[in-house]
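Chemist: Chain by chain, the residues:
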Amino acid sequence: MAFKPIATTRSATGILTAKLAVWWLLASEVVIFGGVLASYIMHRIGHPEWANYASHTNTMFGAINTMILLTSSLSAVLAHRAAELKDGKQAANLLLATVGGGAAFLCVKSIEWTGEINHGFTITANGFWSFYYTAAGIHGLHVIAGMILMIWVSMSARKNEELHRVELVGIYWHFVDLVWIFLFPLLYIAK
Amino acid sequence: MADAHHAAHDDHGHGEHHVHPQSHYVKVWGALMVLFFISVLGPMIGIKIVTLITAFGIAIVKASMVVKYFMHLDVEKRIVHYFLAISLAFMFLFFFAVAPDVMNHEGRNWKNVAAQHAVEAGLAAGDGHGGHGGGHEGGEAPAHEAGEAPAHEGGEH
Amino acid sequence: MSEAHQIDGHHGHDAHGHHEPTFLEKYIFPLDHKYIGMQYMLTGMVMALFGGFFAYSFRMQLAFPGISVPGFGIVSPTEYNALVTNHGSVMIFWVAMPVLIAAFGNFLIPLMIGADDMVFPKLNRLSYQVFLLSCIVLGISWIVPGGGFGGAWTSYPPLSANGDYSMTPLGSSLWLTAVALEFAAFLIGGINFITTAMNSRAPGMKAKDVPMTVWMICIASIMFMASVGPLIAGAIMLLFDQQLGTGFFDWKRGSDPVLWQHLFWFFGHPEVYVVLLPATGFVAEIITVFARKKLFGYQTILYTAIGTGALSFFVWAHHQFVAGIDPRMANIFTITTVLISIPIAEMMFLYIATLYGGSIRFQTPMLWALGFIFEFLIGGVTGIFLGASGADIYFHDTYFVVAHFHYTFFPIAFIGTFAAATYWFPKMFGRMMNETLGRIHFWGTIIPVNFIFIPLFITGAAGQHRRIYNYNHFPDVSTPDLQTLNIVATVSLVILLCFQTVFLFNFFWSMWRGPKAPANPWKANTLEWQAPSPPPHGNFPPDNMPVVYRGPYEYSVPGREDDYWPQNQPN
Numbered sequence: 063m064a065f066k067p068i069a070t071t072r073s074a075t076g077i078l079t080a081k082l083a084v085w086w087l088l089a090s091e092v093v094i095f096g097g098v099l100a101s102y103i104m105h106r107i108g109h110p111e112w113a114n115y116a117s118h119t120n121t122m123f124g125a126i127n128t129m130i131l132l133t134s135s136l137s138a139v140l141a142h143r144a145a146e147l148k149d150g151k152q153a154a155n156l157l158l159a160t161v162g163g164g165a166a167f168l169c170v171k172s173i174e175w176t177g178e179i180n181h182g183f184t185i186t187a188n189g190f191w192s193f194y195y196t197a198a199g200i201h202g203l204h205v206i207a208g209m210i211l212m213i214w215v216s217m218s219a220r221k222n223e224e225l226h227r228v229e230l231v232g233i234y235w236h237f238v239d240l241v242w243i244f245l246f247p248l249l250y251i252a253k
Numbered sequence: 005m006a007d008a009h010h011a012a013h014d015d016h017g018h019g020e021h022h023v024h025p026q027s028h029y030v031k032v033w034g035a036l037m038v039l040f041f042i043s044v045l046g047p048m049i050g051i052k053i054v055t056l057i058t059a060f061g062i063a064i065v066k067a068s069m070v071v072k073y074f075m076h077l078d079v080e081k082r083i084v085h086y087f088l089a090i091s092l093a094f095m096f097l098f099f100f101a102v103a104p105d106v107m108n109h110e111g112r113n114w115k116n117v118a119a120q121h122a123v124e125a126g127l128a129a130g131d132g133h134g135g136h137g138g139g140h141e142g143g144e145a146p147a148h149e150a151g152e153a154p155a156h157e158g159g160e161h
Numbered sequence: 033m034s035e036a037h038q039i040d041g042h043h044g045h046d047a048h049g050h051h052e053p054t055f056l057e058k059y060i061f062p063l064d065h066k067y068i069g070m071q072y073m074l075t076g077m078v079m080a081l082f083g084g085f086f087a088y089s090f091r092m093q094l095a096f097p098g099i100s101v102p103g104f105g106i107v108s109p110t111e112y113n114a115l116v117t118n119h120g121s122v123m124i125f126w127v128a129m130p131v132l133i134a135a136f137g138n139f140l141i142p143l144m145i146g147a148d149d150m151v152f153p154k155l156n157r158l159s160y161q162v163f164l165l166s167c168i169v170l171g172i173s174w175i176v177p178g179g180g181f182g183g184a185w186t187s188y189p190p191l192s193a194n195g196d197y198s199m200t201p202l203g204s205s206l207w208l209t210a211v212a213l214e215f216a217a218f219l220i221g222g223i224n225f226i227t228t229a230m231n232s233r234a235p236g237m238k239a240k241d242v243p244m245t246v247w248m249i250c251i252a253s254i255m256f257m258a259s260v261g262p263l264i265a266g267a268i269m270l271l272f273d274q275q276l277g278t279g280f281f282d283w284k285r286g287s288d289p290v291l292w293q294h295l296f297w298f299f300g301h302p303e304v305y306v307v308l309l310p311a312t313g314f315v316a317e318i319i320t321v322f323a324r325k326k327l328f329g330y331q332t333i334l335y336t337a338i339g340t341g342a343l344s345f346f347v348w349a350h351h352q353f354v355a356g357i358d359p360r361m362a363n364i365f366t367i368t369t370v371l372i373s374i375p376i377a378e379m380m381f382l383y384i385a386t387l388y389g390g391s392i393r394f395q396t397p398m399l400w401a402l403g404f405i406f407e408f409l410i411g412g413v414t415g416i417f418l419g420a421s422g423a424d425i426y427f428h429d430t431y432f433v434v435a436h437f438h439y440t441f442f443p444i445a446f447i448g449t450f451a452a453a454t455y456w457f458p459k460m461f462g463r464m465m466n467e468t469l470g471r472i473h474f475w476g477t478i479i480p481v482n483f484i485f486i487p488l489f490i491t492g493a494a495g496q497h498r499r500i501y502n503y504n505h506f507p508d509v510s511t512p513d514l515q516t517l518n519i520v521a522t523v524s525l526v527i528l529l530c531f532q533t534v535f536l537f538n539f540f541w542s543m544w545r546g547p548k549a550p551a552n553p554w555k556a557n558t559l560e561w562q563a564p565s566p567p568p569h570g571n572f573p574p575d576n577m578p579v580v581y582r583g584p585y586e587y588s589v590p591g592r593e594d595d596y597w598p599q600n601q602p603n
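From first to last, the protein sequence lines stand for chains H, Z and D. Counting from 1 along the first sequence, just add 62 to a position and that's the residue number in the numbering used here. Counting from 1 along the second sequence, just add 4 to a position and that's the residue number in the numbering used here. Counting from 1 along the third sequence, just add 32 to a position and that's the residue number in the numbering used here.
Chain H on its own, in the form it takes in the complex (with noise of 0.2 Å):
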């Protein structure tokens, strides 16, 4: 399995051939959560009564998670400082962290869902709600994708290799962020 082409050693437009394709990666997730985000803002915007379904949101859960997310960022980038330095162990321990990040995220989610589902805020309550938990569910996915991908290369950068990896999975966790930076005032603070 140690077959790499030659291919993949050349770099013409000077940048690892990884991270461009992550970067292109993420160029095809702007537009996706393009899709969804204009879509929701539109319809927001020509149905003042969403205000209404929206003033039911927790601001207090959104606030935690932007803060849970935007620290495990932190520790994604310290993470891809310490790959730099070669210090292979210590970026696979805050790999580790970021992935606590993303899960103690999940269970904020969670709780946070389960409370509005009690309460009868469910996809199909009305449009806000269906976009609400499609948004977020969407964004969701992603955080569960970055965290497995976060564990399974802190497993070969515990070893010193592919540190060159922590950086990709870091860009990648980065733009999960700055997704939710976006969700967060839609569908929490603009009420």
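Keep in mind the hints are simulated off the structure, nothing from the lab. Heads up, some of the hints might be wrong.
[Said to hold, decoys possible] Distance condition first, Cα-Cα at most 25 Å in a straight line; then the derived BS3-like pairs of lysine-lysine: (1) H:Lys148 to H:Lys221; (2) D:Lys548 to D:Lys58; (3) H:Lys66 to D:Lys154; (4) H:Lys253 to H:Lys66; (5) D:Lys238 to Z:Lys115; (6) H:Lys148 to Z:Lys31; (7) H:Lys221 to D:Lys548; (8) D:Lys240 to Z:Lys81; (9) Z:Lys31 to H:Lys151; (10) H:Lys253 to Z:Lys52; (11) Z:Lys81 to H:Lys148; (12) D:Lys238 to Z:Lys81; (13) H:Lys171 to H:Lys253; (14) H:Lys66 to D:Lys58; (15) Z:Lys72 to H:Lys148.
Assemble chains Z and D onto chain H, guided by the hints.
Modeler: For chains Z and D alone, coordinates are given in the frame of chain H:
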């Protein structure tokens, strides 16, 4: 194999020979947190325009900080900026070309009767405590009012 | 093959030279881009047989309403809808995309840029596996209770969103899942293509030395990535509408079904150009080789391709002129739609200019390439009628539209594929195809296709609507004359399908029994012809990877003995 990666890395000048100190990232994080608190506190002033600025203006500032300092886009090759910008531009293109149809409920020679009903019914029912499943009031009412009317009532044609 | 193994063994290719890959490793789970490309191609061919069979079944119903179609039986109205829907989706998503972009992209990009493989071989394999899964899910959707999805390939709500309307609650969700999986496969594949072409070019290969095919496939992949996002988002929303009962596109709950149309066509229109551009890339390659002349205006062709690609993002609402969009938007989209004909027509002119003064060889690939230009021209010109919002109000949803987009898609998906398949066949399998059978197949395809779709222009202009199960129920738009035209179209389709067996026979017979092909049978310049036929694993000797000295289209250079000048020859 690993050498090739480092070669590629050094090539574009960011990597081994310039590692930011830990405090640099902690400072950025601190700034992000301060901005975050402003965005949470913004709505408490109760002026709509201030809320919009503190919510979305600050989100943009935060996003650009994350992109610049955490994702290191500032030292990335220019081509990456281009294709990310194109992606963002398409997002805006989609919004601005679709919004005239979907965001507005009325235009030249057309009216989206169903949507207008939904807004009226939602505002009437949901005032203050549209909580107990606002969708049902917002949903069912226009259904029989609008009857079989198509979502978009065509104008002349 | 023996030559291939010799080279492989001789240089002891890095990791793989050490052990002979098993059958499973080589053909079922390959990492080699060439085999993944062939997997895509064969899967696409199988799906094309399904698509063709569907077309045959519903065309028979239209020509001879109510008869028991040989091989299918009596077509019920629900089955008719499912056949039309799945014919469209199969031909676009499961034939044009995998064959034009994935099969030829996989096979050609590494060879043409002088690399030994894709940059991410495992992702490449994953991309095919996800694609295969999408084929299986689609196949299941045809046989579940209720039958296959019948809401047209555009899948407009409320018909698609509500099981009570579509009467295929399960089929529609499976169809949507299959489409979403297919998109995932092509996102993975597309990122691989773009990164490979951006980063792994042979030393010395500048942007202007990249063969047109690689450019076109990359531009197409970028367009696909940039346009498919809203539809992925929309597919999730529509799936929730179908299965969870949300109301994203439900007008009763204040939402707007037109939003789906925007989400769909924001992708759907660039998609047309996503499949068009690779086909034009193949045609460029073939025309210049068989005219023995430098491609006229390399840079201009590139700019027209980029211009077409960029403009194609600004035209999507021309599919929605009568869907209730604001008339002011319709004006804007009419202008952009008419504008897009400029770059694409420019590209066709440049191809014709390449022919001027060349010493043209009418071998099978060249016939297909010229056929592409001819047929696509008709498709393009009739598009002007539909792009003008005023005329479109009359033509919308008639057979005129059907004839128009088949005049674009048939050249793209089939003529383009046949051109590329006959041209690169020697490289893929190391054997030559039969020239006579190739010509029989060419004329047996190109004549009937015009007799299928020219009658449909007429029935469409006479007002026949495209989604009618039986025209006898609509005496005011169905006269015996029009019915005759419908029969002509159907009979031509049957003839066309019969002639495809010639191709299938030629393809599979030549694969094993054809005469052995030399490395460079067409005397072409691009790097794939400098590798052995078929190329071994790793394509080029690892210690002697090609270095590029010049552009790909230096044919008949004055003062040279040969009329071609391979890119990797120092002088």
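Chemist: Compare the structure with each hint and give your call.
Modeler: Hint by hint, here is what the structure shows:
1. H:Lys148 to H:Lys221: Holds, because 11 Å separates the two Cα atoms, which is no more than 25 Å.
2. D:Lys548 to D:Lys58: holds, 22 Å
3. H:Lys66 to D:Lys154: Cα-Cα ~10 Å, so holds.
4. H:Lys253 to H:Lys66: Cα-Cα ~53 Å, so violated.
5. D:Lys238 to Z:Lys115: violated, 55 Å
6. H:Lys148 to Z:Lys31: With Cα atoms ~23 Å apart, Lys148 (chain H) and Lys31 (chain Z) stay inside 25 Å; holds.
7. H:Lys221 to D:Lys548: violated, 50 Å
8. D:Lys240 to Z:Lys81: Holds, at about 20 Å.
9. Z:Lys31 to H:Lys151: holds, 24 Å
10. H:Lys253 to Z:Lys52: holds, 9 Å
11. Z:Lys81 to H:Lys148: holds, 23 Å
12. D:Lys238 to Z:Lys81: Holds, at roughly 18 Å.
13. H:Lys171 to H:Lys253: holds, 20 Å
14. H:Lys66 to D:Lys58: At roughly 17 Å apart (the allowed maximum being 25 Å), Lys58 (chain D) and Lys66 (chain H) satisfy the hint.
15. Z:Lys72 to H:Lys148: holds, 23 Å
Hint compliance for this structure: hints 4, 5, 7 are not met, and every other hint is.
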